[in-house]
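Chemist: Residue strings, one per chain:
Number of protein chains: 2
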Amino acid sequence: MKLFNKVAIIGVGLIGGSIGLGIKKRKLASQVIGISRHRKTINLAKTRGAIDYGSLSVSAIRQADLVILATPVNSIIKIGLKISSLIKPGALVIDTGSTKDLIVKRLEAALPNFVGTHPLSGSERQGVINASDNLFCGSICVLTPTAKTSQTSLRKIKSLWIQLGTRIIYLSPARHDKLISYVSHLPHIIAFSLMQSVPRHSLYLASSGLKDTTRIALSPVELWRDILLTNPENTLAALEKFLNSLHQIKSAIIQNDAKALKRILRLASLKRQSLKPHR
Amino acid sequence: MKLFNKVAIIGVGLIGGSIGLGIKKRKLASQVIGISRHRKTINLAKTRGAIDYGSLSVSAIRQADLVILATPVNSIIKIGLKISSLIKPGALVIDTGSTKDLIVKRLEAALPNFVGTHPLSGSERQGVINASDNLFCGSICVLTPTAKTSQTSLRKIKSLWIQLGTRIIYLSPARHDKLISYVSHLPHIIAFSLMQSVPRHSLYLASSGLKDTTRIALSPVELWRDILLTNPENTLAALEKFLNSLHQIKSAIIQNDAKALKRILRLASLKRQSLKPHR
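Note that the protein sequences, when read in sequence, are chains V and S. Sequential numbering from 1 applies to the first sequence in the numbering used here. Sequential numbering from 1 applies to the second sequence in the numbering used here.
FYI, nobody ran anything at the bench for these hints, they're computed from the structure. No experiment lies behind these values; they were computed from the predicted model shown. Hints should not be assumed to be uniformly reliable.
Stated by the list, open to error - List of simulated lysine-lysine pairs, DSSO-like, C-alpha gap at most 27 angstroms: (1) V/K250 - S/K259; (2) V/K241 - S/K105; (3) V/K88 - V/K105; (4) S/K40 - S/K27; (5) S/K105 - S/K78; (6) S/K211 - V/K271.
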């Protein structure tokens, strides 16, 4: 089902590349244009079949009906503002950033048909080399419409993400940033922090427990630096709650309080059991 | 290769049951006796082929050449002391507990041929129902001999664990407890604590990042309560180091210090890359 004529993807990495592959496989657009700062990325995206043609310049978006901002989170606003004078009238624009509040505020002021989206399909892998036409299948995509969002735009964007295989969840941008700080930003801080604190000379004893707990410390460093700095209030609030929980366990151990420790572990374990297994 | 005539396993759960299955599959003993407080466990262990016969009483160990203490960590010492008047002369005794210092100190004083062992093959699964003859294949078993350990006993125990598929690492009991607090006890505290702090209403957004980071919060609660309370000094020291690392990340976010944050994340990520993938 063709949803768009020309789609332009700015930033052809894991997410942008997978969107391109997904659109082309399902024939959701006549043409996919990829824009990157790196000629090598464009060539690889073409070889992989994620885009029909590529450009080093954002001006290549002029003919697009849909522009997808899939660059790292700290450049989304800058690029979004830059294209505002270039896009053709009526064109939709979405982003795929991991934080939403600031991006949506700034870009819906500059772009008439902007919808914030966040596919929860990131990975410690990166780059178009790891892109896949089914990266999004079975995962969640959060859409963050506001009072300014056109219902027609929203319907088309919803349709796009459903075709790419995601379930749709609607959240306000602020609510998204608050919840995602707990389920994504906090776990990343913890994984990086745990790796920082484990002595190198103990690593030869690491089994699957430590490995799974720190898998996401393999995530792209600059991307995560920027995500954490783009959502500081929520991230710090989540971190404070986690520190409070750690201090409860610490106290129970210091006081040798088996009853209190069991209660904390049991409630945590029950909550963990309520999470569905991976897709 | 037969290493023992009769082997008695006290505690026929995931670990004890898997040792039984492994011994029987590889014909490492003529007979495996299982001892449990629960008739149901004995019956299940027999049905699964993990033991030849079972008993509700530890006195069933009288004829064993090897006694394996595979109960939860807080009952190992008590049971070890109890069997000291029952074992036949020359019989070997090992335990499989997750902490070693206290257990080895107490049991090598009471049992002439005791060797502390710790197979790093625990799982969030539990019970003989989940036991497997290859649970230990490819994983590490730490042996914690001391000056009192007989070299003949140590050689036989090493041989047993190698036959069961593990790589052997030798550590003093104290060193074991220190290193394992980082690679195992700390990650468990973190997983439980993260689950405690994530609000229930955000869980529907959880993707693989949160799930992997908290998988070990599915581990048996009472077992982990006891492990943490059996190794408090080391666990608290590891926790302190982790708290220090969290505070560094917190400061970098508060001060919007992109450079410091990148440095922390990068070093953590590089250290994580040095871990080999799961077996």
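Chemist: Determine which of the earlier numbered hints do not hold for this structure and return their numbers in increasing order.
Modeler: Structure breaks hints 1 and 2.
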